[in-house]
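Number of protein chains: 4
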Amino acid sequence: MSSNSFGKIFTFTTWGESHGKAIGCVVDGVPSKIPLKEIDIQLFLNKRKPGQSKYTSQRKEEDKVEILSGTFEGLTTGHPISLIINNDDQRSKDYSEIKNIFRPGHADYTYWKKYGIHDYRGGGRSSARETAMRVAAGAIARKVIINKINDNVNISGALVQIGKHKINYNNWDSSFINKNDFFCPDKNILSTWEKAILETRKNGSSLGAVIELRCNGIVAGLGEPIYEKLDSDLARAMMSINAVKGVEIGSGFESVSAKGEDNVDEMRIENGKPKFLSNHSGGIIGGISSGQEIVVRFCVKPTSSILTSRKTINKNMQEVLISTKGRHDPCVGIRAVPVGEAMMAITLADHSLRFI
Amino acid sequence: MSSNSFGKIFTFTTWGESHGKAIGCVVDGVPSKIPLKEIDIQLFLNKRKPGQSKYTSQRKEEDKVEILSGTFEGLTTGHPISLIINNDDQRSKDYSEIKNIFRPGHADYTYWKKYGIHDYRGGGRSSARETAMRVAAGAIARKVIINKINDNVNISGALVQIGKHKINYNNWDSSFINKNDFFCPDKNILSTWEKAILETRKNGSSLGAVIELRCNGIVAGLGEPIYEKLDSDLARAMMSINAVKGVEIGSGFESVSAKGEDNVDEMRIENGKPKFLSNHSGGIIGGISSGQEIVVRFCVKPTSSILTSRKTINKNMQEVLISTKGRHDPCVGIRAVPVGEAMMAITLADHSLRFI
Amino acid sequence: MSSNSFGKIFTFTTWGESHGKAIGCVVDGVPSKIPLKEIDIQLFLNKRKPGQSKYTSQRKEEDKVEILSGTFEGLTTGHPISLIINNDDQRSKDYSEIKNIFRPGHADYTYWKKYGIHDYRGGGRSSARETAMRVAAGAIARKVIINKINDNVNISGALVQIGKHKINYNNWDSSFINKNDFFCPDKNILSTWEKAILETRKNGSSLGAVIELRCNGIVAGLGEPIYEKLDSDLARAMMSINAVKGVEIGSGFESVSAKGEDNVDEMRIENGKPKFLSNHSGGIIGGISSGQEIVVRFCVKPTSSILTSRKTINKNMQEVLISTKGRHDPCVGIRAVPVGEAMMAITLADHSLRFI
Amino acid sequence: MSSNSFGKIFTFTTWGESHGKAIGCVVDGVPSKIPLKEIDIQLFLNKRKPGQSKYTSQRKEEDKVEILSGTFEGLTTGHPISLIINNDDQRSKDYSEIKNIFRPGHADYTYWKKYGIHDYRGGGRSSARETAMRVAAGAIARKVIINKINDNVNISGALVQIGKHKINYNNWDSSFINKNDFFCPDKNILSTWEKAILETRKNGSSLGAVIELRCNGIVAGLGEPIYEKLDSDLARAMMSINAVKGVEIGSGFESVSAKGEDNVDEMRIENGKPKFLSNHSGGIIGGISSGQEIVVRFCVKPTSSILTSRKTINKNMQEVLISTKGRHDPCVGIRAVPVGEAMMAITLADHSLRFI
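Residue numbers (my numbering), protein chains in the order written: chain P, 2 to 357; chain X, 2 to 357; chain Y, 2 to 357; chain D, 2 to 357.
Don't read these hints as lab results, they were simulated from the structure.
Hints are supplied without guarantee of correctness; some may be wrong.
[What the hints assert, rightly or not] As a list, the in silico EDC-like pairs of lysine to aspartate or glutamate whose alpha-carbon atoms are at most 20 Å apart: (1) D/Lys196 / Y/Glu262; (2) Y/Lys312 / D/Asp152; (3) Y/Lys274 / D/Glu320; (4) D/Lys114 / Y/Glu271; (5) Y/Lys114 / D/Glu294; (6) P/Lys316 / X/Glu267; (7) X/Lys326 / P/Glu267; (8) X/Lys50 / X/Glu63; (9) D/Lys165 / Y/Glu255; (10) D/Lys326 / Y/Asp263; (11) X/Lys94 / Y/Glu74; (12) X/Lys196 / P/Glu267; (13) X/Lys316 / P/Asp174; (14) Y/Lys260 / D/Asp263; (15) Y/Lys22 / Y/Glu74; (16) X/Lys55 / X/Glu255; (17) D/Lys326 / Y/Glu63; (18) P/Lys326 / X/Glu267.
[As the list claims (entries may be wrong)] Negatives, chain X to chain P, calculated, CB over 12 Å: (19) Arg104; (20) Arg135; (21) Glu195; (22) Asp263.
Bear in mind that the values here come from a model prediction, so they are computed numbers and not experimental data.
Cβ atoms here follow ideal geometry from the backbone N, Cα and C, with glycine treated the same way.
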């Protein structure tokens, strides 16, 4: 199986470099007769697109997706869906200065050690541009879940921390998330975040972030012990996103300091149905969904593309200094929200299709 | 591919229930002509075995492993290695009281929802007893790495937090880890941990833990972008261990509050070779090893097997109370150390064998 | 994935050498709550067992199977089913004469080239003894098909050619197949076969055979284009059996000499349902079942274990002569019938479980 | 894993419908730094292209391939190679007549039963047009073998039977194969084949064919027992090609009538090296290459696209008659030669890359 593929039944394979001709993916395992048009995918891509607010990179990317196969008269056919986005913003920039330098914190050095060749233009294959295709595949995954599994399933992500500034969970307002430039659920923290980002941009620095994903409407019983646990697969999915360094489920690392009796999610009967009195487990026990809300958090490190000069080396084993020139994204974690949502949708669609 | 299997080239498949006749696994993808005897595996199993100190469960398990296939005259043959451990401690206990009750925090309810049938004796397939086979497979993975890849590779785990009590990293003493009952690297915290565990045991409660795994000697260039990144696979591996709720690589969640310029691992040349000035990345950049120490942390929730009475329901949708009787492990995280080491060895062996 | 595994959803992994302690397999992907006892498996194993008639090897093998996991109170649990057969007939024979010789026609030389080590006792891992576990897994596959898919499915194999002697298809009598020592459907050819086999045995020679498998009751729509076609997977399954050198579906190689208009399976309506007027396709078109009888044939070469002396070489690159001593099977194709049936059942179960 | 994918290490995934916007594939697992240009692929595509002689379909397809990713400055990068061919010959034909009819012998009915929707234009996904992408992937596989494994490896296919007319193996002339319109190795049979094809075309009928593939230069030791045997994987590969109904290795079905002592490939020493005295095994024993020439044969049924009227049914369960109009290929087996070669190259490349 290709290491550029994800999934067992609902699968996708991505291809393409940041500054190549195009990027794309092949989505397979999609049941037939699901309505699917390009606009269904485009809506989610637009959410991820850079250059939309003053808090993210000013780089302009049209990111216009085209469906090349797998649909017929507006419906999926059960055959592979090929998606392509042409790379419009492919300026013939001068790379002579950086082509031999390993940008610290980027994959330049490790790719070089592994492959002995590296498309240095914009990070090539290691660029976060690849995540556009995850978002596209995620849009199809949502269609699968809604049409074939349960039309009540709702997957949504939010930013819960930028730098040192965490939200207050008591202020959580879901309806607010898509009404601000940060996917922020807490009105009160907004101005703090704005100030932090603008200052960070001014300093040419960057900040990390924590994203929280929630999914409602998944029935109990989804997931496969022992090595395809729902939480294992979610952890793998999130950790595969560029710059992610940590993942947790439910109470996660906080549960370490809790006592066993406080961390247990007790159960009662309500209207004849099982009801949990808390959700420390994040909706997954023993690798299988419990029917509660699924809760996943992941962190994104501060990007290494910064204006401050940093020490590094080049391919000739010489010591040099480097700083990023031009367009700069002070907190890449913001744009990771739709990517995280997509990976959650894909993981759930994949598990749903093998649930018999 | 079986959901009870792990790995792409170096693979293993586990089977068996906590109170069935036996547990076992089949390890495949092992190159031929590696010296392998039962004692090589037994040594690691002994490290995980319960009943070894007053800080873990008093349950006695012989956990004596037998090699049934795949070796000939003391050497591996390249064919599947079948391992088996008979379940000695299979007392004909009376389960009538719990057989219809979903123990909260355990997989009883989710397994029931998924399968409609559940071997309730000791948790059946969802028991942490399964992890014995991971340790066994891990012992073989170490043999593969040492014999076929690099005999300088060293994988070791340590406990860095119990409940609220974190170690002081400045006190880290590797040589101390295997000289105490906690796999603790910090002499100074030992008495605090002892007191906490004994008190927790007395109260019939439980505590969570954080385990840190380190691997030295892995060359730069190991790992496969995009969806088989070394860190993705490590995250998946750790999250598949019973009771694990979070995973992080290198600086992990701490990197969120750092500034970009501080979180970058700068590079210099030392004796003609690349040298990193820090290791926030935990030895993995862009999913590929950098040649630095690989650092992974994962957390284990406080076990739900506690003596305190908790609210739950039974299969007849009635509300009941339950508490664990008998043998009880105040901090299952301690025994998770050898399991985490094994999963790291397995993941690294698997990636090493596809490294060409 | 292990190269000793087969299947995507219904999977099994075999292990063990001909003269090791035991052979076994792990069957996974079996839905829960299917009644399963050892006797259900044993019945099929008995059909394959040597030493049952004067036409097959006189080697005695008890081949008593034991279920070690995956069932509870007589029902499958959805977890891996571990099966084991102890190797009783493991006589401490003297192998000094053959241990350094590559038996021609056997895998001794190729295994040696690949692994540099070889368990020479009875062929080790390359022995047809491995096929016992296929038969065991096949028994479980049948249970899955009957309990979860369609209880009208019937899979049965027959021998249609021994040496030059083909059956006459006009004499096909299904009820006769299990009433003779050859799985022969044609009463009239029986004495010819008996004579041929006894003469071949007397001469210390061997004969090839063709096996035909048929499956009724599979609905239209099973199979996955393009690279997991039902016929591709059946071809792979059959070709993986020891000594098999050819596979065909439906009219197979005979269709080459037919004209297009004669080879087409025309369709009509009968009682409101589609009906095919012929079955040249063998029940599979475009890789997907048509609802007709599925027909597969495969050939088994004459075994190379013969009493005639043959030229070969040894590990010291010296020229030697070799002949098989002792127990000898004049036509291994006979015992391949239950093995082929098992592989067909496994392939169909695997495809059935992903049919949604 | 996608059912439109093939391979474990060297993998490819195809997409696209006969009359969609384009067809394409993603090839992954290709080592870095292999020289690769579009022309390297185009040369093989040209060999398969229809409309090249009066013996194949007159349909014109440009089949011009474009590389969209995975190469940099003329070298592979180790990342997925995306290939695309735009469908030029996508005429806005009137399909109203056939859109509701199941063409007998084609996948129309089975796809309908499986998916409930079918792109009827030119067969949609089930069209042999998909095989163009196999040829493209095969060209890359050859590059991998030659650059990374052994530059002496030579893979070539030939037609050995059309209808009833088999070649005489004594006349085999490798140099003649690419000098005629049939990939025919036997000069003497050419006029018989020409006459047969022209007559068949005139009658609106079709003929089947047998293709023989040979590969020289593969060392001993390639292949993985038990379920990823080299011959199992080759059988699966060939059987996945449109219209293929049978596969055999080495002496194949002929070995059935041979005696054991005659079918064994005896061994001697020549110039200090092992030498086989015959090659009944077709270069594979126990699923592993022996170092001899690898020989595979597969048969292609006479195409069902014929001008003769045939009985069938439509989606309304009505009986109708149908005949193919327009462009017609009397023997699709001819164009299957480069496709078979490609699948052999892919299978060997995939196994070569896991050979350590």
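>> So if I understand the rule, the pair passes when the alpha-carbon distance is 20 Å or less; does D/Lys165 with Y/Glu255 pass?
In response: holds (10 Å)
>> Hint check: X/Lys326 vs P/Glu267, CA-CA at most 20 Å. Holds or violated?
In response: Answer holds: X/Lys326 to P/Glu267 is near 18 Å, not above 20 Å.
> Is it true that the CA of Y/Lys22 sits at most 20 Å from the CA of Y/Glu74?
Replying inline: Given pair Y/Lys22, Y/Glu74 is violated - Cα atoms ~28 Å apart, limit 20 Å.
>> Can you confirm whether the C-alpha distance between X/Lys50 and X/Glu63 stays at or below 20 Å?
In response: holds (8 Å)
> X/Lys196 and P/Glu267: Cα distance at most 20 Å?
Replying inline: Judged against 20 Å, a Cα distance of about 28 Å means the pair is violated.
>> Next pair to validate is P/Lys326 with X/Glu267; report whether the Cα-Cα distance is within 20 Å.
In response: The hint holds at about 18 Å.
> Is Y/Lys312 within 20 Å of D/Asp152, Cα to Cα?
Replying inline: violated (32 Å)
> For X/Glu195, is the shortest beta carbon distance to chain P beyond 12 Å?
Replying inline: holds (18 Å)
> Are all beta-carbon distances from X/Asp263 to chain P longer than 12 Å?
Replying inline: The claim breaks: X/Asp263 does not keep its Cβ more than 12 Å from every Cβ of chain P (closest is about 8 Å).
>> Run the distance test for X/Lys55 versus X/Glu255: straight-line Cα separation, threshold 20 Å.
In response: Roughly 34 Å between the alpha carbons, so the hint for X/Lys55 and X/Glu255 is violated.
>> Need the status of pair Y/Lys274, D/Glu320: alpha-carbon distance at most 20 Å?
In response: Answer holds: Y/Lys274 to D/Glu320 is near 11 Å, not above 20 Å.
> Regarding the pair D/Lys196 and Y/Glu262, is the alpha-carbon distance no greater than 20 Å?
Replying inline: Answer holds: D/Lys196 to Y/Glu262 is near 19 Å, not above 20 Å.
The structure fails to meet hints 2, 12, 13, 14, 15, 16, 17, 19, 20, 22 from the earlier list, while all remaining hints are met.
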